Structure formats: structure tokens, C-alpha cells
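Asks: With chain A's structure known, arrange chain B on it following the hints.
Protein chains in written order, with this note's numbering: chain A, 382 to 945; chain B, 382 to 945.
Fair warning: there could be bad hints in the mix.
No farther apart than 20 Å at their CA atoms in a straight line, the calculated lysine to aspartate or glutamate pairs in the EDC-like style are these [to be verified]:
#1 Lys395(B) to Asp941(A)
#2 Lys595(B) to Asp854(A)
#3 Lys574(B) to Asp835(A)
#4 Lys937(B) to Glu876(A)
#5 Lys576(B) to Asp599(B)
#6 Lys576(A) to Asp854(B)
#7 Lys576(A) to Asp835(B)
#8 Lys943(A) to Asp436(B)
If you are wondering where the hints come from, they were derived from the structure by calculation, not from laboratory data.
Because the structure is a prediction, the values reported are computed rather than measured.
Residue-level listing of the chains:
Number of protein chains: 2
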Amino acid sequence: MADTDHARRLANGKPRIDFQTEPARYRHWQLSIDGEVASLVMDVDEKAALFEGYDLKLNSYDLGVDIELADALERLRFEHPQVRVLVLRSAKPRVFSAGANIRMLAGASHAHKVNFCKFTNETRNGIEDLSENSGLKSICAINGTAAGGGYELALATDRIMLVDDGSAAVSLPELPLLAVLPGTGGLTRVADKRKVRRDHADAFCTTEEGVKGKRAVDWRLVDEVVPGSKFDEIVAARARELAAQSPRKDAADGIRLTPLTRNFTPDGVDYGALTVEFARNERIATITVKGPAAPPPASAAAMLALGAEFWPLKLARELDDAILHIRLNELEIAAIVFKSSGDPAQVLAYDQFLDANKAHWLAREIRLLWKRVLKRIDLTSRSLVALIEPGSCFAGTLAELVFAADRSYMLIGNREGDNKPPAAVALGDVNFGAYPMSHGLTRLACRFLANPADVDAAKAERGNMLAAERAQDLGLVTFALDDIDWDDEVRVFLEERASFSPDALTGMEANLRFAGPETMESKIFARLTAWQNWIFQRPNAIGEEGALKRYGTGQKPVFDTKRV
Amino acid sequence: MADTDHARRLANGKPRIDFQTEPARYRHWQLSIDGEVASLVMDVDEKAALFEGYDLKLNSYDLGVDIELADALERLRFEHPQVRVLVLRSAKPRVFSAGANIRMLAGASHAHKVNFCKFTNETRNGIEDLSENSGLKSICAINGTAAGGGYELALATDRIMLVDDGSAAVSLPELPLLAVLPGTGGLTRVADKRKVRRDHADAFCTTEEGVKGKRAVDWRLVDEVVPGSKFDEIVAARARELAAQSPRKDAADGIRLTPLTRNFTPDGVDYGALTVEFARNERIATITVKGPAAPPPASAAAMLALGAEFWPLKLARELDDAILHIRLNELEIAAIVFKSSGDPAQVLAYDQFLDANKAHWLAREIRLLWKRVLKRIDLTSRSLVALIEPGSCFAGTLAELVFAADRSYMLIGNREGDNKPPAAVALGDVNFGAYPMSHGLTRLACRFLANPADVDAAKAERGNMLAAERAQDLGLVTFALDDIDWDDEVRVFLEERASFSPDALTGMEANLRFAGPETMESKIFARLTAWQNWIFQRPNAIGEEGALKRYGTGQKPVFDTKRV
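Okay, chain A solo, but in the shape it has when bound:
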């Protein structure tokens, strides 16, 4: 990794938040593997906070802690395919986790709070995806207090085990203590996953000290309470039981998730398979993804040998990092423009290779990674635009970037004096099921909600190179434009986008992107997060006399008592 000044600091001089890490550099977690059981032990280094001004006491966490957790989960997927059960534990006596650090929340900007919650939510959804789609089941072994975000982490696992020692308890004290919500999925998972009766949930979420022992089981807050003397033994037994039920039967060795190659420049980031360019005056980030340089490997064994260099995996990891970088570090960017360069037929060939090897654990994990990356894009609060130009390769998996975009523009024919092949969009099987959005529909099913026959019409074109006007007729792109209109239309659109209120765009896009049903996952980002963001703006939480600011000062918060 290039370690220039640009790598550590942003153009505005602020430190860059880096989402890349590896187990040897963890400050807060210990990942260990014992056969089919992995242990992820939370042992937060209170002096290793991401920002100044707070200590991470009692296994409280900030974004830095969660970046390591997210990294560990990726390693379990790719580096340890033999693992069937993950046990989450704490290394602190009588404390599992005190949740998100309160002083961090009190001091953070609104944008950071919102982005922090979004990332932690995505990580927890990843734990559930790991269980549901990779067969890696999880247990949260709570040895003491699991408060707020600590309990919310437990809620993401398959089985919550609580020690029964007269004081260990689970709690969501955000409302009584801080005047905010348990917003990392807490309210939604209590209601929709644990299906806690609403009046019990009400009592639980307004009780600072939480619930312990038999009542925690009766109210469905935990699956089991276990005497302290037998805790380790019974946790181990449950891990074995879950392992036996796990369909993850991949005894194979994993691959190494080698560090990403990144070169940070003042105006962008160069990765191996994509580049990011910032036009900061125009508030635009252009992400150009590069198609594969060579045909797919001849076999699954050859894919394994390529490891993290295998093009679909390499690009997905880089794209994920680029999106997170823009989200957290480049707040002024209004729109992300997706471009691509390469051979669309080659992209389809890689999709077909993954289809042909879909029983292979690595092919499965790569598809699941793309699903998560694409979901992360859907949930990114920037306008998303696809520019489909000659020489581009928006095919199959990469066509999902077009369907994730709020608008797409496609050039008809060639540009004068340019001999690149005319733009083509191409579809594959992968566009019709592999990548559901967080609300459960594929992007094409969501796009064509009015007329499912349009999905069938698109499906019939699988494998065809669709020129601009054909793609427009099929409804796959927003506007097909010729060379004469292109520059002006695109420029005016991007200028307009940068002129609008960023907040209103965020709200509009969050609504228009998710037509159709909701799922528990989408409810977390819609109902719960939207309310939390509102509360994160309200003086009762963040004002000088608000609960977040006054926490720990000995002064009681002062509330505006009007109910809104």
C-alpha cells in the first residue's frame, strides 16, 4: 500500500478513515480458529479510539472497532471456509460490551453518526447473511453486561446465550439514558427477528438496567440463560450442535485476502481494477471499473490459485473500499458516476464461470460479496449515475451498477474520431436473482414493478449485446443520447444535481430506490434509521442541554416536552 501523505490524510488535511486492516493489526478483537469453530473475542483497547476525546471503556466501540469486526467476518468467509460456527465473546470480566461509545456519539458530526450507524448496520446484516447464505452459524456468549450496541451485536447472531449470575443483563438503554434510539438494528430486530411482544419490547427499551435471567428468556430477548459455572461448557456444546447443523461443509483451505493495492493521489485513488477520480469543484466522483484483462480461468482450482487476484473478487473488494472511502471521507461529493472500460463479453464469461462453479465455496462467497457491495451502493446517500459509453463493459454483474443508478445515460453509436466499439449493455442469468436488494427484489424486478413482463423481455435478451436505442426500448437505461447531445445533457444533469439540497436528495433517493416490499433488513435502513437520523438532529438529543451532551456530566438533560 502506498504510504504517501495522501494515503493518511485527505485533501482537506483531515485524517483519512481507512477500512482496510488485517488480523495482525487488530487492536480490539482476537480471531482464533479451532477446527470448525471460530472465536471472535472483543477486547477493545480503550486507548486506541479512532478519534481524540474519548476512551473506549468497557468494550464500547467506535467505527474503528467495527472496521476490524467487518474485516474479521470477511476473513472467515474467504480465509477459513472450514469454519461452521462463530462464537462472539468478550475478554473483559463481567462485561460483554457497553455498546457504541457515548462520548464519541456526543462529539461526532451528524454525518459521521449517520455513516457510523449505516456501516455498523451493514456489518451486522453481514453476520445474518453469513448464517443464511454461507451456513456459518453464530452464537453470542454474553458473560455480563450487553448494553445498547453490545446487545444489538448479539441480536445479529443465531443464538444469544446469557450468563445467569444475578447481574448479567441485556439492555437497550439508549432511550432512557441518551434520548436516542437503539438504531443499529436494535428496535427492528427486537420486533421483527426476536418477535418480542410489543409491550414487552416497550418495557425493555425503556428500562435502563435491562432484563436478566428467566425474564430475558420469557420475553424472547435471549435464547438461553446458563449458570456461570457451566457457561463455557454449554457454549461449547451449543457450538458443536450448531456446527453439526451447518450446511457449510467446505473442508477446503481458504485463500488469502491480500492487502488491496491502492495509490491515493490528491484527486483520486488508483486501485488495480478500478480508479476513482474526484472533480471536487463539481462535487463528482467518477468510478471507472475495468473489465477483466484475460478470460476466466480454466477451472475452480485455477480460480483458487488466483485467490484475491481473481478479477471478480479483486474488483468487488476494491469497489467496496472505494464506496466506503467516498461515504466517510469525501462528504462533499454529491454524485458518484459509474463508468467502465473493457470487453462486455469477457464480463459475461466470468459470470458464466461463476455460474458453472456455483457449488464451489469460493464462487459462492464471491457472489455473496458482490451482493453485499451492490447493497452498499444502493444504500449510499449520493446520487448514482451510470454513463455508458463506447468501450464500456456494463454486462452481467457490472450491469447491476446501471440498475443501481438513479439515472443512466447511454451514448448512441460512436464518438467522432473514436474507434472504440459502440456502447453495449448485456444481461446474464446473474441479473435475475443473484443480487437481490435489501428489500428482497432484484434491481430489474424493482425497476419493472409496473410490468413484470418487462423483466421477461429483458431476460429473453440474455447474452445479447444491446445497443443504446435497444437498451432504451427495453427500459434498461434512462436516456439514449447521440454524440451531439451527450456532453451538454450530462453536464447539465450533474450541475443540477450538485445544486440541489443534499438532504432532500438523500431522502428522495432513499424512497425512490426501494419500490415494492420491505424486509427486516430494509426496515432497519428505512423505518429505524430514518427516525434515528431525525432524532440525531433534535436538540433533545444533541443540543447543549440534550441527553447525549449531558451524559456523564451529572447534569440532567432538559427536554422540549412537545411531542412531535
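Replies: This is chain B only, laid out in the frame that chain A set:
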């Protein structure tokens, strides 16, 4: 109606917003009936705004305009059961409606904006309910500009007809013009009802001047464009067609929705079938509903003769008015406590009477009114508590108040020295389907999401008088308490509730009340409204340099360009 000072002004001296009106007093609408077709003509009196500081130009509206619209819809249901089609029109030349009045929005408090949007949303959902469940179909005949809330009103109808005169257009200019969302269902109905493709929706919602003519049809924004010369004729023809399809075949005469009898006192409101008492220091409103004074009438004809005095109708209208009064006029109230007095067997008898007469239009409309009133309660941002005491009658329809509550407390046995019968809860058929919440589940199905067998167990108890401990065992009430604990437990709970941040309670309750699926209707209140409320707090909209404040000043808004 008592016209004392309390009737016009609140305890704090501010004018009371009154939700009661009648066609003879309308300032903004003309309701006329011609056989099976009703016309509701919008003709806003620009000098008759609800507050000072703005004129209602170009058929723009404020809460006062919408109160009349809501009243007119109720009259169509109850006073004009022969009507099969409603045509919404404008009396202004070349303007249908400019939407919610911008200066009103710019000047209103946050709480008023939120309550205004909630009420207008409920009214528009009522138009859809009228179509779906009463068979009264609706047409919006747009003779010119339908902007923002004007188009959102159209979106609630079954058929949108737009004159094709080269300038008439539909638009949602909120985002480009005001930096807020089309929050009266606009974004959700464009995406989920009209199923406009998301990129078209994006283009539409960012285009200030809107869309007209053929494109408006192609993009599914309207159902039909009609030349001006033929507009009236074709609207009339479509009305006849819809009337022919309508299942509302009730040639009968309606009943009169006579004015509610209300007596406003400094500390409450006395209605005929309920009382509201304010304990303002404790921030509690207690609503005591009274069971029927006499058995149900002998026949549907006798019910018709009772008209608005028929107990279930009378109570539903009063309860609706009381809830709206508290919402809009009593902002400091933290919790609404529901109590009841009467004979639970009589309440069940009325439910059975309505069941037995469910084919009768009046019985159907009364059930639908109760459904809407109960939904309004679910969506009320106050903590809801049911206190079930000796002498109460929480049975059947009234038991829904217990299930709508965030918590319920039920007294075991008698109070010393009190000879009222011990508290009983009783269920009827009505609790298992008649009153779905806005997300589609019955309150009991939502309550027992973890175990549908609990719904069956409750169902098996229909008609039985369930004492406190039995009701608790069945999961129907939160806590059964004896006389010794009652006062302290209830007092501590209510004090605690009043001590919490009102905003956090609103967010928590909005999440915990709606476990399970979402519907278009619930998405409007969850996804859309929650984002709108966030935006209504953001300086980009409401700051001194924000778009809402600067609209019409000639100065451009200044935005914080960070994307959150």
C-alpha cells in the same frame, strides 16, 4: 356546540384548531351530488387561511383546507351512500392546485408541519379506502397545474386525467424548489402505486416544471391526457364508466352527520360517549370511553333511525375528534391513557349487531370508520396506555384500544370498598380481521408475531369475560396487578414516560408498534414521513438561508453541501 371561550381558545391562549365543520361552512370546497356522481370542487378562499401570514393563492392549501376535504369525504360515506364516483376538480382557471402553501410551511413550527402532513396523509389514505372498501371510485380531473401536494392529492384517486393544452402539467417540485420531499405520500405513490420506473421518477421529482402530455402518460404519471375541448365530456364519460364498475349499489338515503356535542372546559372536553381529562402538570390525557347505555337496536332500520346517535358511530366520531384535538392542540401531552366504563357484554352485543348487519352500508361504513380511527391512534405520537379497571368495558371493538396501547395494566379483582364488577377483557370476531393496522396485520396478529398459535388461543376465548390473570396468561395485557401495587406501578410508569425525551419516544413507538410487513400505506408513514421529518429539521430546508425560508425572496438558498 358550546361556544364558550374554551371552545375557541386553548388553555395557553392560542386558538384551537377545530376538526369539525360541515358543508354549509366550507370556505374552500364545493360538494355537489348528481345522482351517483359527486363533484368536489376545490376553490380555495385565499383570504381564509388557518393562520396569519400567508394567502392561499392558486388553490394552495393549509390544514384548514384539508379539514374540509376530510369532512366532505366522511359526508360522502354517511350522507350520500348512493354516490359511486367522486370527481375532484378545481374552480380556478388553468390551475388544479399549487399544493401545500409554502409560506405556511416556512412559518409553521416543526410540530405543526409534522402533524399537518400526518393528517393530510390520513385523508388521502381515506380516499383509497373509500375506493377499495366502500366501492366509491374517484377521478382527479386536472385542468391545469397540479403541483406538489396538488398532484399528491391526484395520486390518491383511482384515475388521473390531465388536460392536454400544451401547458397543463403535473409536478413534484418540492425538491428543486423547497429542498423538502413530496411527503404527503408523493414519493411512495409514484414508486409503489403508480409504479413509475425509478429513473423516470428521479427525473420527474427533480424537474420543477413537471411533466405534461404524452410523456406524463408514458411515464405512468397520469392515466390519460385529454384535449381541452373534450375534457368535460370525457371526464363525465369516465365517471359513468367507473360508476358502472362500482360495487357500491346502495340506493338508500344516508344519515345526517349531526354536529358533535362537545363541552370544552379548562381541563378537558366532554363529549357524549367519552370524556377527555388533561392532567397537564403530569402531561397526561385520559380518555374514558363509555359503553352503550342501551342494548343494540332491533333492526338495521332502527340503526338508521338512530343515525349519528347510534352508539358505535357516535363514539368513533368523538374519539377521532378527541385524538386530533390532542395531537394538534395539546402538544405537551406525553401519554394518552385509555379507560372505559360500561358493560362489556353490551359492547360485544353491538359488535354482533354490526356483524349480523354487515351487508348493510351503514354497518360497513361504521366498521370502516372504526378501522380508520384505530389506525389514527396507532399513528399518534403519544405513548398509549390502557388502564383496565373494575367497571370497564374493553370488549370487542373497545379491546382494540388495549391492543393499540404500548402497554396495558389490568387490575386483579376489586378495589377495597368498591363494588364495581372486577375488570374483564373480552374478545369477539371483530378482533380477528375487521381492524387491520396500516401495515396490514390485525393488532393481535402483530402482537403475537412470534407465535400465531397465541392468536388461535385468544380466538378460542371469544365471548368469554377474561379476568386479569387469565388475560395476562393469554398475553392480552402487559401487567396484571393487584390493588396494593396498582397505584404505585401506574404512577411510576406515567412519571417515567413524562420524563423521557419526547422525540426518542416517538421514534421508538413508531418502530415497536409495527412489527412485521409493510404496505404502501405504512411505507408512507415510515420510510417517507420519517425522512421528511428529518429534512424538516435540517438547515438546508428550514435554516435562515434554507430553501423554505428563502422561497419567494429572490435570494437563492445556501446549502451545506455535505451529503449525509
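Asks: Each hint should be assessed against the structure and marked as holding or not.
Replies: To see whether the hints hold, each was checked on the structure:
no.	hint	in the structure
1	Lys395(B) to Asp941(A)	holds, 18 Å
2	Lys595(B) to Asp854(A)	holds, 16 Å
3	Lys574(B) to Asp835(A)	holds, 17 Å
4	Lys937(B) to Glu876(A)	holds, 16 Å
5	Lys576(B) to Asp599(B)	holds, 12 Å
6	Lys576(A) to Asp854(B)	holds, 18 Å
7	Lys576(A) to Asp835(B)	holds, 13 Å
8	Lys943(A) to Asp436(B)	violated, 28 Å
Consistency note: the structure conflicts with earlier hint 8 alone.
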